[in-house]
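Colleague: Next come the chains, spelled out residue by residue.
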Amino acid sequence: MTDVSPSELMVIVAARELKDKETILVGVGIPNLAANLAKKLQAPGLNMVYESGAVGSNPTRMPLSIGDPCLVTGAKSICSMYEQFAYYLQGGRIDVGFLGGAQIDKYGNINSTVIGAYKTPKVRLPGSGGACDIASNVKKIIVITPHEKRRFVEKVDFKSSPGFVDGKESWSKLGLQGGGPYAVITNLCTMKFDQQTGEMMVVALQPGVTIEQVQENTPWTLKVADKLESTPAPTEKEIATLRSLDPTKIYLG
Amino acid sequence: MTDVSPSELMVIVAARELKDKETILVGVGIPNLAANLAKKLQAPGLNMVYESGAVGSNPTRMPLSIGDPCLVTGAKSICSMYEQFAYYLQGGRIDVGFLGGAQIDKYGNINSTVIGAYKTPKVRLPGSGGACDIASNVKKIIVITPHEKRRFVEKVDFKSSPGFVDGKESWSKLGLQGGGPYAVITNLCTMKFDQQTGEMMVVALQPGVTIEQVQENTPWTLKVADKLESTPAPTEKEIATLRSLDPTKIYLG
Amino acid sequence: MMSDKMMTMKEAVSRYVKDGDSIYLAGFTHMIPFAAGHEIIRQKRKDLTLLRATPDIIYDQMIAAGCAKKLVFSYAGNPGVGSLRCFRRSLEKSIPKPIEIEEYTHFGLSGRLFAGATKMPFLPMRTNIGSDLPPENPLIRTIKSPYSDEVVSTVPPLNPDVAVVHVQRADVNGNSHIWGIIGEQKDAAFAAKKVIVSCEEIVDESVIRSDPNRTLIPDFVVHAVVHEPWCAHPSYTQGYYDRDNEFYMQWDDVTKEHDTTMKYMDEWVYGVEDRAQYMSKMPSSKILKLTPKTAYSTPVSYGSV
Amino acid sequence: MMSDKMMTMKEAVSRYVKDGDSIYLAGFTHMIPFAAGHEIIRQKRKDLTLLRATPDIIYDQMIAAGCAKKLVFSYAGNPGVGSLRCFRRSLEKSIPKPIEIEEYTHFGLSGRLFAGATKMPFLPMRTNIGSDLPPENPLIRTIKSPYSDEVVSTVPPLNPDVAVVHVQRADVNGNSHIWGIIGEQKDAAFAAKKVIVSCEEIVDESVIRSDPNRTLIPDFVVHAVVHEPWCAHPSYTQGYYDRDNEFYMQWDDVTKEHDTTMKYMDEWVYGVEDRAQYMSKMPSSKILKLTPKTAYSTPVSYGSV
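Protein chains in written order, with my numbering: chain P, 113 to 365; chain W, 113 to 365; chain Y, 1320 to 1624; chain V, 1320 to 1624.
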């Protein structure tokens, strides 16, 4: 088997979660690669929508920003910022959104706002951007993140984007139309969420990884699915296709 | 003096009410002619906005409908229907709107919906369209109408577009941003509205008309301004310019 | 150039418009999909709730044909001419049968569609208050602003079962370029559960992608794509054919009585198979008269990096 | 081709931007009017409330220069790179001075501008609830729908004192054609009390009128028109020049310390008279690299009747 980097592995595993004809709200970098990989493989009819209002982009290079001009030339459609959020996101037109953040907790709440207190920040992060809007309105949230103790925390310092808050019951009370967190994909494992409690749960281990390794890198005692699976190793086709998407390894370094 | 038809007279008098650089919401027919006449004379910088979303149209023929293609080709800007009402009307961008209807009462309430009861109509009229939205949001409402007893009524059967309701006090309570009825221009006179009470009041008589004639054609006792003026007769320039706008007399017949 | 969405108007109506549906044939004066209305009449759909800001001649015809249970609207006139007589006959004399009405202002109805397209829970707006409309329509309500003592009007979202949207050019998947008066085309497509796009021209996807800002409707909200030239006559399609103002004026006479109306319908709706036949019945002089001269937009460059 | 609205950026800023104003330099990644930001810095405006969904490098510079009293925003990152260090330094260490913040989500802030542009009393929206943002921002509230028991979030309208909107082409009165990512360009123009339009090209009114659907901003909402080629660098103008991604990446290094930031500012902002001088300092290799190949839109015909 060709050696893959942790980033490559995560992109390949994430791409497998995408189904043909789904509509994906795509961010730059890793999520963009995952969506494009799925489109080249099992999901040729994937609809890609960008936060900047571009729909069905056909980029000729790797975009650095979701507002890159290469996402515009040759796109299918473009609308304004308010329209993008109103017609596509609030309109309930998006199946899958990718989110990331500095911290994520066991109910899938994500912090991309601040480390420390809001009014006296230790580290001030960029903030929600569209993340909270995505979390509130798409059917499935997928998080791709390196599995590190500082990222996985028992309770986030700030809920920029609500996950299941402190459990499914609290989530239901919010009355949001979104489906909430769906999967967290790391270099060590894939986690999904307990249907009843909304707690994060390891469902598959990446090739060669043990559940102990996962637990060691997570500060709370992780739930594990009754039937813990092994992620099938990346195929040569997946690897080759992915590498053709980012030949200069801007994101796969 | 060249003889003018009642329609021509009303258009000329209405056009005089428009000031340069004002933004006018234009309907087809008589109001369209009034706006275009003003633009050719004292108000070259008049901004004309149509209910259909067209802005700054440059029509090559008389439009039959406000959605006529001749209002689109060569226009300055076009937006959607919701946008037209939201950005221009509710946005408070319109200075003057023209309204008409089957009935108007002494507080400037207008009926374009129904003669008889709403649920059992004697004559069903087209309804508000944008009229109520215009009445609620523009700074000045101008009504151009033949002076007939069936049109001027003590109380309209149905308020499609609120005027001053039953007086300025009631109007204030509505909390609308518009300025309410401003002028009613007929073939007999020009009426404006009492600042205190909001009641319709004759301020000028058309050339050769007496106040008795006006009163005879109005079913309630009309208020008359302290200083009743005479409308200056249409000038040759006004008449010639107007006739060049509708050479086939579609609206000036 | 094929996709499984491409079909005839007959197939599209048969597949997507059901008895009892609420339908929105879009187009503010411009690009009103008459061909769809005629096909719905020919397929004898009934109990429809007809949604349109301006019912126009198309809904006048559908009311006369007995397709409508209810009309949701904001201006039921023949623009520039006067009344819609079939609409009036139904309301004033229950001929051919009575219909229910639900009435808004233009802002109210276009706002309902915008709110439906963007899934707003409700839309607050500065209108309606002081008019006699809210007492007659319990869906027009009021709300106090959370930021002041201001009380404003509200309307609820509108989500038609089916929308038919005519456009100038689309690709086989339904990506649609629209220009001229864009009315409620986009909102109708995003608000409806099923969307039929009809177009004057099917173009290659590369034409669409050459100008993405012109694409008001993206393919994935579209269920059927119908290539239907002259779909909108007697309404018009900017750049393709003029509004048949003569027809709009004649409609007043045609509809003097229910009988005279149905005589027209027998000849021009029931008496033809489809839009192609309707157009082939049309005198060539009319077609020549309605065909405009070209007036091209100055292109823009999107740049290629 | 002249109008009394035509002026230089220096005149426009001098006339329309006052100390203490709230200002919105528009553009979601695209067409960010850097030239206006630099001119505001040169004219030493202070106590400004800076409004932008994405503060981007331009507001990072204005914060470093001490122009800002407050920042209203939704994403304060360097897109694709990481942090905005001047913004962080101000918040974390009060260097050069502390600023207040008022924070939204993208939908919330773009919604505020939309509500401001269309004078909605408030905008109900499906977001914010469940996040920790509302407790930190008392302007994010909730309301019960008049149509159900649903409780949704609201934001109030936003009406900046001044908006600067860069566009591709405008006529001398400010009618503006915009394409590519259109972000909040239109909403900013309609929401603001004063509007400065800057453009890559001044074109004849006939070019604008050849494609009215492309005109997102009509002249009568515009107060000043500035012909300012390359206004947006290091941001970009679709079809005119590419985004200077290299600059965005370098900014991270440039701003490592307040001193290093001000060194950049001395050279590229304070050290030049205007945008023309800024561009003439730029290596020609950079300009050549950023200039795209053309990629023209397929024209449409509006038809002439």
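Where hints are given, some of them may not hold.
If you only want the chain Y side, here are some residues facing chain V, beta carbon under 10 Å, derived [claimed, not checked]:
| # | residue |
| --- | --- |
| 1 | Val1471 |
| 2 | Asn1532 |
| 3 | Ala1595 |
| 4 | Thr1617 |
Capping the alpha-carbon separation at 27 Å, the derived lysine-lysine pairs in BS3-like fashion look like this [to be verified]:
| # | chain 1 | residue 1 | chain 2 | residue 2 |
| --- | --- | --- | --- | --- |
| 5 | Y | Lys1337 | P | Lys133 |
| 6 | Y | Lys1388 | Y | Lys1582 |
| 7 | P | Lys151 | Y | Lys1512 |
| 8 | V | Lys1512 | W | Lys131 |
| 9 | V | Lys1337 | V | Lys1513 |
| 10 | P | Lys251 | Y | Lys1582 |
| 11 | Y | Lys1324 | P | Lys131 |
Just so you know, the hints here were simulated from the structure itself, not pulled from any lab data.
Virtual Cβ for every residue (Gly too), placed ideally from N, Cα, C.
Colleague: If a hint holds in the structure, say so; if it does not, say that too.
Modeller: Against the structure, the hints:
| no. | hint | in the structure |
| --- | --- | --- |
| 1 | Val1471 | holds (5 Å) |
| 2 | Asn1532 | holds (5 Å) |
| 3 | Ala1595 | violated (22 Å) |
| 4 | Thr1617 | holds (5 Å) |
| 5 | Lys1337/Y with Lys133/P | holds (26 Å) |
| 6 | Lys1388/Y with Lys1582/Y | holds (22 Å) |
| 7 | Lys151/P with Lys1512/Y | holds (26 Å) |
| 8 | Lys1512/V with Lys131/W | holds (22 Å) |
| 9 | Lys1337/V with Lys1513/V | holds (11 Å) |
| 10 | Lys251/P with Lys1582/Y | violated (52 Å) |
| 11 | Lys1324/Y with Lys131/P | holds (20 Å) |
Of the numbered hints stated above, those contradicted by the structure are hints 3, 10, listed in ascending order.
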